[in-house]
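J.: Residues per chain, in single letters:
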Amino acid sequence: MKITFSKIPVLTLLGLALFVSDRAQAQSTDGDTVNVGEVTITATGLTTSTRKTGYGVSQIKSKSIVSSGESGIIQAMTGKASNVQITRSTGDPGAGAYIQIRGQNTVTGSNQPLIVVDGVPVSNSSLGGGIDGVVQQSRLNDINPADIENIEILKGAAAAAIWGTRAANGVIMITTKKGKKGLSIEFNSQLAMDEVNREFEKQDKFGQGSAGKWAANVANSWGDKISNRTGTDELNTTGAYFEAADGTKIYPITKKGDKTIYNQANRDQVFRTGTTWNNNLSISSANEKGSIFFSVSDWDQKGVLNGNSDYRRTTGRLNFSYSANEKLTLSMKSTLAKIFSNRIQQGSNLNGLYLGYLRTPPDFDNRIFEGTYYNAAGVATFGAHRGYRRYMGDAVPTYNNPGWTLNNQVNTSDVVRFIVTPEASYKWNKNANLIARVGYDQSSDRRITYFPVRSAGSNATGTFGDAMITESELSLHLINQSTHKINENITLDATLGYLATDRNFYQIGGSALNFIIKDQDRFAFNNSTSENMTPFNSVSRILNNRVYGTFDFTMKDKIFLQLAAASERASTFADRFLSPSASLSYEFSKDVKIPGMSYGKLRASWGQVGIAPPAYIWGTNYVSAGSASGWGEIMDASYFGGSIYRSTTRGNPNIRPEMKRETEFGADLKFLDNRLSVGATYYMNNTKDIILAVAVPASTGYTNQWSNAAEMKNSGYELDVNFAAIKKDNLQWNIYGNIGSNKNEVVSLAGSKSIFLEGFTGTSSRAIEGQQMGALWGGKWLRDENDKLVLDANGFPQQAPEEGLLGDPNPTWRGAIGTNLTFKGLTLNVLFEACQGNQMWGGTYGIMNNFGVSMETANEVTLSADKAAQVKNARGTTVDQFATPNADGTYTVRGNLKDFGAGEVLLDQYWYTGLGGGFGPVGEQFIYDASWVRLRELSLSYQLPESVCKALHIPGASLGFTGRNLALWTNSPQLGVDPETNLTGVTNGRGLDYFNNPGTKSYIFSLSVKI
Amino acid sequence: MKKSLIIPLALGLTMFGLNSCQKDIDEINKENPNQFSDASGELMITGAQMANVLFQEGEAARMAGIFSGYFTGYDRQYVSYQSYKMTAGDFDNIWGTLYAEGIAQCRIVKEKATKGGNKTLYGVAAITEAHLLLTASSLFGDIPQSEACNDNILTPKYDKMSDIHQYCIDLLDEVIPNMAGSSAFGAAYVAGFDWAQVANTLKARALLRKKDYAGALAAAQNGVLEGQDLKADHSQETPGAWNLYYDFLDWNRTGYLSCDGAHIVSLIDTLSPTSRFNSKTDERARYEWYFLPDYATPLDPNMYGIFYATSNYDLVTYVENELIIAECHARLGDNSKALDHLNNVRSVNNNTYGGFDAYDLADFGPGQIEEGADQSAALLKEILEEKYVSLFGQIETFSDMRRTNNALGIPLNQGTTQHPARFLIPQSEINANSANVPATGKDLFSKLELF
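Residue numbers (this note's numbering), protein chains in the order written: chain Z, 1 to 1011; chain W, 1 to 451.
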C-alpha cells in the first residue's frame, strides 16, 4: 500500500508539541494562553472571530495540554488561564481536581463549571469526597488529552448565557481533533517517573511511650530518649510469639534496649517511585470530501504509594466528517474509555494510610504487617495484623499498619465511558446553515471497597461494599446560523437554537459486614449473612430544554454588538428562566492611532445566568424516622421496629433557579507589531436566590424549608500577557503570563450565621456571612477586648467558649509566568505558577504534635535550677518538681519554652496532648499560610533534523523531557504536604489537610515518531 | 418576505413550541422516586414517640437537672450552663425535636387515625402529644399550640401556659375512655404499661401544676399502677437505641456532665451532714446506683448503673403517681392517707435497693427523725424530697421546684444569684417569628404563669 505523506505536519502528540502546522505556529506565538487569537469557540460550539467577542475568553491549545504530561485534562489546564483555579485533590493516580472560575457562586450546590465537548454537554462529576475514604476521579479526565485540539474557557455570564442555569460557574468548551489534509500516522510513547514532592518530617529522638517511659502498644511517642537506652531489647521467648511469612519471629519485649530508628525503613515501606507508561497512536487524514481522525491510547500508571495504587486508562476515538454534496455534511465524533484504578484509603480513617504511617513511633518497625500469632499455649491466629498499637498481632491494632492499608485493602474503580456526537449540517442558503446534533454521554463506575478481616476499627470483622454508578446525558441540539447584510455598514450573524437535555443518574449497590469465610478475599455479598447486608439504590432524572437566539451585529467592521437570550424550562423548576446577555466591543485602533499600538479593543458585557435547583425538592418527603440532638445522641427507628414519618425539611414547589448577574469590562491590546499582547478584564457579579434549606421556627412543624434565600458576590480582575521577544525563523523566544484575583463575599445566609460545608466538629470549612466561601471555622483562643490572649493561672492560653473564624482558604491572587524558547529543533518551556494568600488547616500537624512525632515535639531545653523552679508546664507543675536534675544542677527536659505573655512556660506532653495539640478544641493554632510558588513545568524537546529523518525514512521524530512540579516553595514548614490538596476532594469545603495522601512531582521522557 | 427570514422565523417558532410543550418536564420532579410522599399513621407513630423520648430524656433533662441540683456542668459548653449562661440558640435543637419530630407528627397521625376510624391510634397520638406539650409548657411556659404545626401558618401565635394545660387535659379526657388496658402502638416504650393509666398520671401532673389538688388526686387514683410504668426502651446496646444519658456521658460527651457537688448527692451520701439517713432509711444502695466515682471528674452520674446503656428510662411511673397522690392528700389535710402512699413508694425502694422501712406518722414533726415545724409540714417535705430523689434525672421535679417555690431549698449553683425559672424561647423563633415571641421568653429568670 502506498502511503502519501502530507506536507503539512499534524498538530501535536502526546508528550510534546513538535509538529506544528503553519497556522498553529502563528497562534502559538501568542503563548499558552491566547486572549486574542483569531478564532474563538462560542457557547454554541461554533466558531467566531475573536475580534468580535465582547467578553474575556481564555484559550488553551493542544500543545500545552499534552506537554504538561498530566494524565487528566483538568490538571493540564492549571496555570494556563487567568482566574481559573485548579486544585488536585491529592497526588493519587487519576485523582480528581477542583475547578474554580472567577470564584464561587453558590453555597451548597455545585461550584464546578459546565463542560461541553464538541458542542454537547458532558459529565465532569466527582462523586464522593469527604473526610475519609478514597480520592475519587473527575469524569472529565476520562478523555484522552492527546485527542484535544483546543480548550476555551468561557468565564463570564455573558459568554455563557445560552447555557442558562448550567452556566453560572463558567463553561469549558473542548474541541477534539479532526483529520488534517493528507495522511499522517503518529506514534508517541512516554515514560514517566513520579516521586512524592513534600513529606512530613518525623522526630527520631524519643521512643514510643508516655511521660518519658517506653511502653509498647501505646499511641504516643512521648516515651524515653532513645539514645539513653542500653543493651538490646530483652525478649520473652518462652510464650507467645508472632511469626511472619518469611519465618521472622517477634517476641514480647520485656525491656527496651534497642536504639534503632526506623523512620527511613517505615518511609520506604510506604513510598516508591511511581511509573507511567503511556502510548498513543493517532491517524489523521482529510481530503475535500471529508476528514477522519483516529486514535488509541493507553495510560498505565503506578502511583507513588507502594501498594494498590494505580490508574490505567485505555481510550479510542474516531472523529470523521463527510460532505455528501456542497450543502450536506455529516459528521460523527466518538470516544470510548475504559479506566481501571486502585486507590488507597486516606483522611480521618483508622484504615487510612497516613494516619497509621505518620503516627508510628520512630523506634517501631512497621515492615512486618501480617503473619501468624501464636499464643502462650501455641494456638495460632492466621492472617494476624500487626501494627504499632498491637506489635504482637495478638489483636487488631487500633490503626492499620501502613503495609496492611497499601496491600490488603482493596478500593477499585472500574469505569466505562463513551461519548458519541453525530451531527448533520445543511447549508440551505449561501448565508445560512442548519445543524442538528445529538450527543450521548454515558459513564458507569463500579466501585469496590474491601476491608479484610482484622482491618482496624469497625472493619475488624470484614467489610465489603460494591456499588455501580451510572450517569448519562442525552442532548439534542438544533442550530440555525445565518448571516444578513442589513446595510452597507451593518451585518448581522444570527443564531437560533434549541437544546434539550435528559440527564439520568442511577446508583445501585450494597454493603456487607462480618464475613463468614474470613481468610479468602472474595468480592461477594454471600460472604455475609443476610442481616449483615444493606442494599441501596437511588435514581435521579433532570430534563431541561431551552430555545435561544444570538444576534451579532458588526458595524463598520469595528463595533461589535452581541445580543443573546435563552428561555429555559427544566423539570426542577416551574417557571421559565430567562438568561439575557449583551456585549459590546469597539476596535478603537481603527480610529485612533496610538504609536506602538498595533491593535486595540475595548469591551463591555452584561449577562444573567443561573444555577438550577437540585432535583426533588418540590415536595416534602416521608423519611425513615430518627431524632438526633446536637450532641450526638440519636434515636434510630430501625431499632424500634421501623418508622416512616414526615421529613422535618419542607419542600418548596415555587423554588426558582439561583440567579447570577455579571458585568465585565476589558481591553485587548497589541503592541510592537502584535509582538506584545495584553488582555485585561475586570468583572463583578452577584448571585441571588441561592437555594438553601433555610431554618424556620420549628413550631411550624418543620425545622427547615427549601428556599431561594442566600446571596453571594464576586469581583476581580484578570490579566493575560504575551511577549514575543524574538521572532526569527530559527529562534523564537516568548514570555507569557497571567494573573487573576477574585474577592468573594457571602453576603447573606438568610438568618444562619454560618453553614457547614465540609470538615470536622472542631474545624470546618463553611459559608459564613461576610466572609469568602469556604472560610475555616472552629475553636479559638480566649482573648480580651484588646485581642490579647487571656491566660490561665499558669500562664497558658485558654479555649474561648465560642467558636469563630479561623482563616480563609481562598488565595488573594493566582498567577503564572512562563517562557518558551525555540532554537531550530530545540524547544524549552518553563512555567512558574504562584498561589498566594490562601490558608490551610494543618490538621495532620496538630495530630503529630499530640502524638509526639513532629520535630517540634522532640526539642529539649536545659534550665538553670532557678528557672526550673519557676517554669511551669500545662499542669501547673514547675520543672524542678517533675524532672531529675543534671549533675551540674540544671534541668534538661523535653519540650519547648514559650512565653504567651505571662512569662515562659514549658510546652510538654501535657500541653501537646491537651489544648496545644490537634485533638484539643483550639483549631486556630493549626491554621497556616498555604501560599505557594512552584516550578510547574520545565520541558525540553528536540525535533530531529530533516536529514536524520530522511535517513530513517520517516517524516519526523522528536525526543522530549518534561518535569512537573519540580520545585515547590512554601511558607509553612508545618504543612508537610503539597498545599495543592484538599481532604474532601472536589467539594465546596476547601483548605483542609488531615492525613491527606501526598502530592507528587514527575519526570517524563517522551519519544514521538511520525510514520 | 425573503426566504432567508421566513425559514429562521418558522424554525424559531417551532423551537419555541418544542420548548413549551414537554409534559415530562412538568411532572418528573413532583415526587422524589427515592423517598416516600406519604406514610400511614401506624408507621409514623413510633417516630413521634422516639422524639418524645429524646425530648424527655435528652438535653432538656440535662439542663433541667443542672438547674435543679441533679447535675453539675463540668466541661466545655456545660460550664456555662452551670452558671446559667444560656443563649437562645442552645434551645433550637430541643425545639426541633419537640415540634417538627414530635407534635407535628402526632397531629398528622391524629388526622389519619380519624379518617381511618382508628380510635386507639388516635388515642396514642393524643397522649404522646399531651406528654410532649405538658413537659414543653412546664419548661417554656407560653408556647405555640393552637396555630402550631399548621402548613398554612408560618408564624404561629403563642398560647398561654394555662390554656395549653387545659388543652392537654381535654385531649386526655377525650381519649382515656378508649384506651383502658391498651398498650398498642408503643414500640419506643417497654411493654407492660397501660395507656389509660399513663394518660391519667399525665393529667394529674397537669392538675397538680394548676394546684387543683382534688382534681389531681382523682386523676392519679386512676394513674399508673405498680409494675406498669411507662419507660423508654433501651434494651438494645447500640447507639440509636441505648440510654441517651449513657450516650452523652460515656460515648459522645465524656466529662461534660458530672454530679460533683450536686444537691442530690448531699441528700443520699452517708458522709453528708444533710443526708436523709435515719433509723428507717439507708440510702447507700441507691447512692451506688446513682453515682460513680471517677478519676477525671470526682463524681459522675452512674453510666454503669441508672444510666447504663441498657438501663430503661422512666417516663411516667407508679412512684411518681403515688407521690402525687401522697402530696394531694397531705395538702388536702389527710396525713394518714398521704403516709400510706409515701410508704408504698418506700416499699418499692426497699424492694429495689433495701434499707427502707415504713414510716409512722409519729416519725414526723419537731424532734422526730423527719424534722419539721409540725407533722404536716414534715410529711409534705418528705413526700417532695422522696419524689426529688426518686425521679433523679427527670424533668418533672424541676416543675415541682418552681411550683413549690423551692420548698426543698435546692441551693443556687456557685456564683449565681437566682434560680432559672424557665427555658429560653429558641433563636429560630426569635429569627423568624419574633412578633409572637413573648418578651418573658428571652429572660431565663422570668417566672412562668403557673409557677
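If you're looking for bench data, these hints aren't it; they were derived computationally from the structure. All C-beta atoms in this analysis are idealised placements derived from N, C-alpha and C, irrespective of residue type, glycine included. Among the hints, a few may not be true.
[As the list claims (entries may be wrong)] With the C-beta cut set under 8 angstroms, the calculated list includes, among others, these residues of chain Z facing chain W:
#	residue
1	478
2	622
3	630
4	793
5	794
6	837
J.: If a hint holds in the structure, say so; if it doesn't, say that too.
T.: Results of checking the hints against the structure:
no. : hint : in the structure
1   : 478  : 7 angstroms, holds
2   : 622  : 4 angstroms, holds
3   : 630  : 4 angstroms, holds
4   : 793  : 16 angstroms, violated
5   : 794  : 18 angstroms, violated
6   : 837  : 32 angstroms, violated
When held up to the earlier numbered hints, the structure conflicts with 4, 5, 6 and fits the remainder.
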